[in-house]
Amino acid sequence: MENYTASEIMALSAGRLVQNGDILFAGTGLSMLAATVAKRIHAPEAVVFFETGGIDPSLEELPLAVADPRVMVGTAVNSGLADALSLLGHPRFRTIAFLGAAQIDRFGNLNSTMLGSYDKPVQRFPGSGGACDAASLAYGVIVFMQHQRRRFVEKLDYFTSPGWLSGGMSRWEAGFKRGGPMAVVTNLGVLAFDNDTREMYLDAYYPFTSPEKIAAETGFPIDLSRARPCALPTEAELKTLRQEVDPQRLILGPLPVEVL
Amino acid sequence: MENYTASEIMALSAGRLVQNGDILFAGTGLSMLAATVAKRIHAPEAVVFFETGGIDPSLEELPLAVADPRVMVGTAVNSGLADALSLLGHPRFRTIAFLGAAQIDRFGNLNSTMLGSYDKPVQRFPGSGGACDAASLAYGVIVFMQHQRRRFVEKLDYFTSPGWLSGGMSRWEAGFKRGGPMAVVTNLGVLAFDNDTREMYLDAYYPFTSPEKIAAETGFPIDLSRARPCALPTEAELKTLRQEVDPQRLILGPLPVEVL
Amino acid sequence: MTDKIMTAGEAVDKFVENGDQIALGGFTVNRNPMHIAREIIRQRRKDLYLAVHSQGQAMELLIGAGCVRRVELAYGGVARFAPTGYRFKKAFLEKRIEVEDYTNYQMTLRFMAGAMGLPFVATRSGLCSDIVRLSGFSPESRGHGKVPAQKLKVIDDPLEPQGGQVVILPPLNPDVALMHVQYAGDDGTCRINGLTFADIEQAKAARKVIVSCEQIVPKEFIRREPDQNCLAPFMVDAIVPAPFGAHPTACHAFYDYDPMHLNMFKKLAPDDDQFQAYLEQWVYPFESQEDYLAAVGIGNLLKIRANPAWGYAPGLDRR
Amino acid sequence: MTDKIMTAGEAVDKFVENGDQIALGGFTVNRNPMHIAREIIRQRRKDLYLAVHSQGQAMELLIGAGCVRRVELAYGGVARFAPTGYRFKKAFLEKRIEVEDYTNYQMTLRFMAGAMGLPFVATRSGLCSDIVRLSGFSPESRGHGKVPAQKLKVIDDPLEPQGGQVVILPPLNPDVALMHVQYAGDDGTCRINGLTFADIEQAKAARKVIVSCEQIVPKEFIRREPDQNCLAPFMVDAIVPAPFGAHPTACHAFYDYDPMHLNMFKKLAPDDDQFQAYLEQWVYPFESQEDYLAAVGIGNLLKIRANPAWGYAPGLDRR
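Residue numbers (the numbering used here), protein chains in the order written: chain A, 1 to 260; chain B, 1 to 260; chain C, 1 to 319; chain D, 1 to 319.
No wet-lab data here; the hints were simulated from the structure.
From a predicted model like this one, the values you see are computed outputs, not experimental measurements.
One or more of the hints may lead you astray.
[As the list claims (entries may be wrong)] DSSO-like cross-link-like pairs, simulated, lysine-lysine; straight-line CA separation at most 27 Å:
hint, chain 1, residue 1, chain 2, residue 2
1, B, K120, D, K46
2, A, K120, C, K153
3, C, K95, A, K155
4, D, K151, B, K177
Please model the complete structure; the sequences and the hints are all you need to start from.
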C-alpha cells in the first residue's frame with residue numbers, strides 16, 4: 001500500500017506542471033487542489049482565477065463551485081464572465097486551464113456534452129461551460145481524467161473542446177493562435193503529446209499501476225516507449241496538500257489506509 | 001428689445017422638444033441647459049446621461065465638459081464610454097441626442113471634423129467624439145447651430161455624422177435602424193425636416209428675426225412656406241432657466257440689456 | 001419611490017408570458033432568481049425559451065416543472081450538488097426540451113452584443129468543435145420567434161487574409177431577464193455585491209427586466225456610491241423585495257448556498273414522483289417568500305447566514 | 001510590496017520607446033496621465049503613435065512638444081478650455097502629424113476588442129460617413145508597425161441578409177497604456193473612483209501598462225472591497241506614486257480641474273514660442289512631482305481640492 005491516494009498523486013502531478021507566474025484557470029475539485037498546492041510549494045506568484053470573475057481570491061476555504069462565494073473574497077478584482085473569459089486568451093500571459101471531461105481522444109480533444117447525438121441522446125453531461133473557451137484560447141491545458149477505456153476513445157460522441165484536433169499542425173491551420181493540451185493527468189498516470197504528431201503517449205505511471213494496465217484502459221493504441229515511473233509525492237508535498245490545501249478532505253476524499 | 005437672449009430662447013426651444021421619459025444624451029453648453037430646463041419644467045422623468053458614463057447625475061453645478069467631475073455625482077450609475085455609448089442605440093428607449101457642428105447640409109448631415117481635406121486641410125475641429133455615434137444610433141437628434149451661410153452649406157467639407165443622408169428613405173436603405181435629426185435650433189429659429197423628402201424647412205423664427213433673414217443666412221434653398229413665429233419664452237420658463245439652471249450664467253452669457 | 005416595486009406574483013403576471021425567451025441571472029449555486037422562478041412555476045407558464053450560460057438551480061426547477069420548451073446554454077448543472085442537472089438531463093434525454101449548446105464565453109458575448117446593440121460578435125472560441133458544427137434545435141424551429149435563423153456562422157476573418165476562420169454569433173435580446181441582487185434603491189437603481197457573472201449584460205440586453213432584491217434602500221443612500229451600482233432605474237421594470245430570494249443558492253454578503261436543501265433536492269430530483277413531491281412541498285404552497293422561509297426554518301437560515309468578514313458562512317458543513 | 005513601484009522617470013525609461021503606440025487614459029479635462037506625459041516629454045520620446053478616444057490635455061502637451069507622429073482619435077480638445085486642441089489643430093494643419101478619425105464608440109469598441117481578444121468588432125455607427133469612407137493616414141504607412149492594414153471595412157451583415165451593411169473595426173493592442181488612478185495597492189491592484197471612461201479596456205488591451213496614482217495603500221486594504229477594483233496586479237507593469245498626478249485635469253474625489261492653469265495654457269498654447277515657454281516653465285524643470293506642485297502653489301491646490309460630499313470643488317471659479 002502507498003502512503004498517498006490516487007487523488008493526492010493526481011493533484012501533485014498536475015501541480016508540478018505549473019510554473020511560477022502562471023495565470024491559472026481553475027475549476028473545482030482536483031484542479032483547485034493542483035493550483036493551490038502549486039502556489040504553496042513552488043509557484044507562489046501563480047495567480048488563480050475563475051471563469052465567474054473572481055481574480056486571485058484568498059481561498060481560505062475551498063470553493064465547491066466556480067460560483068462559490070468563496071471565490072469572491074480577498075480577490076484583486078471581482079468582475080464577471082466577460083472579464084474572466086477574456087483573460088484566458090490574453091497574449092501577455094501564460095494562462096493554464098485545468099479541464100475535466102467525459103471522453104478524450106488521442107489528440108486531447110474533449111467531450112463534456114453528451115453520449116449519442118442530439119437525435120438519439122444516450123447520456124447528457126453539463127456541456128462546455130467555459131471548457132471549450134479555455135481549450136480554444138488558453139496558453140495550455142491540463143486535463144484530468146478517470147482512466148477508463150470508455151473514456152479514452154477512438155472517436156468522441158460529441159466534440160466539445162478542441163485539443164490538437166487531428167494532430168500535427170492542424171490546430172494552427174484551423175485558426176487558433178496558441179494553446180493545446182499539455183498533459184492528461186489520470187488516476188493511473190500522466191500522459192503527454194508528441195511534439196510533432198501531437199498524439200498522446202504515456203509519460204509517467206504511478207507506482208501502483210503499470211504501462212500495460214494503462215494501455216488496457218486506453219481505447220486507442222498508445223505509445224508506451226517513453227514511459228517512466230512517476231516521481232513519488234514527497235512528505236513535504238503531502239503535508240502541504242493535507243494540512244493547508246484540503247484539511248477537511250472535501251475533495252481529496254478518505255486518507256489512504258496506511259495513513260489511517 | 002426682447003427680455004430674453006438668443007441663448008435663452010434656443011435653450012427653451014430645444015427643451016420643448018423633449019418628452020417626459022426621454023433619455024437625453026447631453027453635451028455641455030446649450031444642450032445641457034435644454035435638457036435640464038426640460039426636466040425642471042415639463043419632463044421630470046427625463047434622464048440625462050453623458051457619453052463618458054455618468055447616468056442621471058444630480059447636476060447641482062453645471063458641468064463644463066462631459067468629463068467634468070460634476071457628471072459623476074448623484075448618478076444612478078457611474079460607468080464608462082462602452083456603457084454610455086451602448087445606451088444611445090438601445091431599442092427600448094427614446095434616446096435624444098443634442099449635437100452641435102461646424103457645418104450642416106439640407107439633410108441634417110453634420111461636419112465637426114475639418115474644412116478642406118486630409119491632403120489640404122484648411123481648418124480643424126475636434127472631430128466626432130460621440131457625435132457620429134449619436135447621429136447613427138440615437139432615436140432622434142436635435143442640432144444646435146449658429147445660423148450662418150458658411151455653416152449651412154450645400155456640401156459638407158467632411159461628413160462626420162449621418163443625418164437623413166440624401167433624404168427620402170436613404171437612411172434606412174443604408175442600414176440604420178432608426179434615428180435622424182428631428183430639429184435644428186439656431187440663434188435665428190427652429191428648422192425641421194419634411195417627413196417625405198427629409199429636406200430641411202423653416203419651422204419657426206424668433207421675434208427678432210424673419211424668414212427672409214434666415215433664408216439669407218442659409219447656404220442652400222430653404223422652404224419658408226411653413227414658417228410660423230416661435231412661441232415666446234414664458235416668465236416661468238425664464239425664471240427656471242435663470243434661477244435654477246444657470247444662475248452663474250456660465251453658459252447663458254450676459255443677461256439681455258432690457259433685464260439689466 | 002418608484003411604482004415598479006411589486007410582488008413576484010404581480011411581476012410574473014405582468015411581464016412573463018408563455019413562450020417568452022428568458023435569461024436567468026446567477027451561476028450554478030449563486031444568485032439564482034429562485035423566488036421569481038418559483039412564482040413562474042406557480043403561475044404555470046409554458047414553453048419558455050431559456051437563454052443562459054451556466055445554470056443552475058433555477059433552471060432545474062423550471063425545466064422540472066414543465067415550464068420550458070427550449071434552452072440555449074453552455075452548462076446545465078448545480079456544481080457538486082448536481083454535476084449535470086438532474087431535471088435538465090432527464091428532459092434532454094426524453095426529448096422534452098430542445099437544447100442548443102454554446103460556450104460560456106459565446107453566451108456572454110451574445111448577451112454583450114445584445115446589450116451593446118452590436119449586429120453580431122466574433123470569436124475564435126469553438127472553432128472546429130461540434131458546438132460550431134452541430135445544432136440541437138430542430139430545422140423547423142429556425143427563424144421562428146426568438147430562434148435565430150442560424151445558430152452561428154463560420155467565416156474567414158474579413159480583416160486579416162491570413163487570420164484564419166472566426167465564429168460569428170448572433171446577439172441575444174431576451175424577452176425578459178430575471179436577476180436577484182443584494183440592493184435596489186427605492187428609485188430602482190440596482191447594486192450587486194461580489195461577482196456579477198453576466199447579469200448586467202443580460203439585463204441590458206433584455207426587453208423587460210425583473211429584479212428581486214434582498215433589501216430596498218432609499219435613492220439618496222444608493223446614489224451615494226454610484227461606482228458600485230450596475231443598473232439605472234429606467235432599465236428595470238419590476239423590483240421585487242425578496243429576502244433570501246436566491247435560496248437555496250448563495251447571495252454574497254447575505255448568505256451561503258444551503259447544502260442541506262441542495263442535498264435534499266439532489267436525492268429527490270432524479271425521480272419524477274419525488275421531484276413532484278418537492279414542488280408540492282417547496283414551490284406550490286408559497287405565494288409569499290416569508291412563508292417559504294418559515295418552512296426552510298430559522299435554524300437553517302442562521303446556519304447559512306453570511307459572516308461579514310467573508311461574505312459567506314465560514315465553517316458551514318458543506319458535505 | 002511589489003517591485004513595480006517606481007518613479008515616472010524609471011517607468012518611462014523602462015517601458016516607453018520611440019515609435020510606440022500609446023493609449024492615453026482619461027477624457028478631455030479628467031484623469032489625464034499628466035505626470036507621466038510630462039516625463040515622456042522630458043525624456044524626449046519621438047514618433048509616438050497615440051490611440052485615444054477624446055483627448056485631452058495630455059495629448060496637447062505631447063503633440064505640442066513634438067513627441068507625436070501619428071494619432072488615431074475621435075476627439076481632440078480640452079472642452080471649454082480648448083474646444084479644439086490648439087497644438088493638435090496646429091500640428092494637423094501644418095501636417096506635422098498624421099491623423100485618423102474614428103468615433104468615440106468605435107475607439108472604445110476597438111480597445112474592448114483588443115482587451116477581449118476578439119478578432120474584430122462590428123457596429124453600424126458611422127455608416128456612410130467620411131469617417132468610414134476616408135483615411136487620414138498615408139497609403140505608405142499602411143500595414144507598417146502598428147498601423148492596421150485597413151482603417152476598417154464595410155461589409156454586408158453576414159448573419160442577416162436584410163440587415164444592411166456594418167462597419168468592421170480592427171482591435172487595438174497598444175504598446176503601452178498610460179493611466180492615472182486614485183488608488184493602487186502595494187501589490188499593484190488598481191482602483192478608479194468615478195467614471196472609468198475607457199481606461200480599463202485600454203489597459204487590458206495594451207502590452208505594457210503604466211499607472212500613476214494618487215495614493216498607494218496596503219494590499220489588505222484595497223482587497224477588502226474587490227468589487228471596486230478594476231485591474232489585477234499582473235496587468236500592471238509600473239505603479240508611479242503621483243499626488244495630483246492628473247493636474248491640471250481633474251481627479252474625482254481628489255481635485256477638480258484647475259481653471260486658472262487651463263486658462264493660462266489656453267492663452268499660451270496657440271503661439272509656438274509661448275507654448276515653448278510653457279514647456280520651459282512647467283515641464284522641463286521638474287523631475288519630481290513635488291517640485292511641480294510647489295510651482296503650482298499650495299493656494300491653487302487648495303482651491304481645486306475636492307470636497308468629499310461632491311468629489312469636486314464646489315463654488316470653484318471656473319470662468
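Within a Cα-Cα threshold of 27 Å, do K120/A and K153/C meet the stated pairing? holds (25 Å)
Proposed proximity, K177/B with K151/D (alpha carbon, max 27 Å): Holds, because 24 Å separates the two Cα atoms, which is no more than 27 Å.
Given hint K155/A paired with K95/C - CA-CA distance at most 27 Å: holds (24 Å)
Keeping to a limit of 27 Å between CA atoms, is the pair of K120/B and K46/D held or broken? The given pair, whose Cα atoms are some 25 Å apart, holds under the 27 Å limit.
Consistency note: the structure conflicts with none of the earlier hints.
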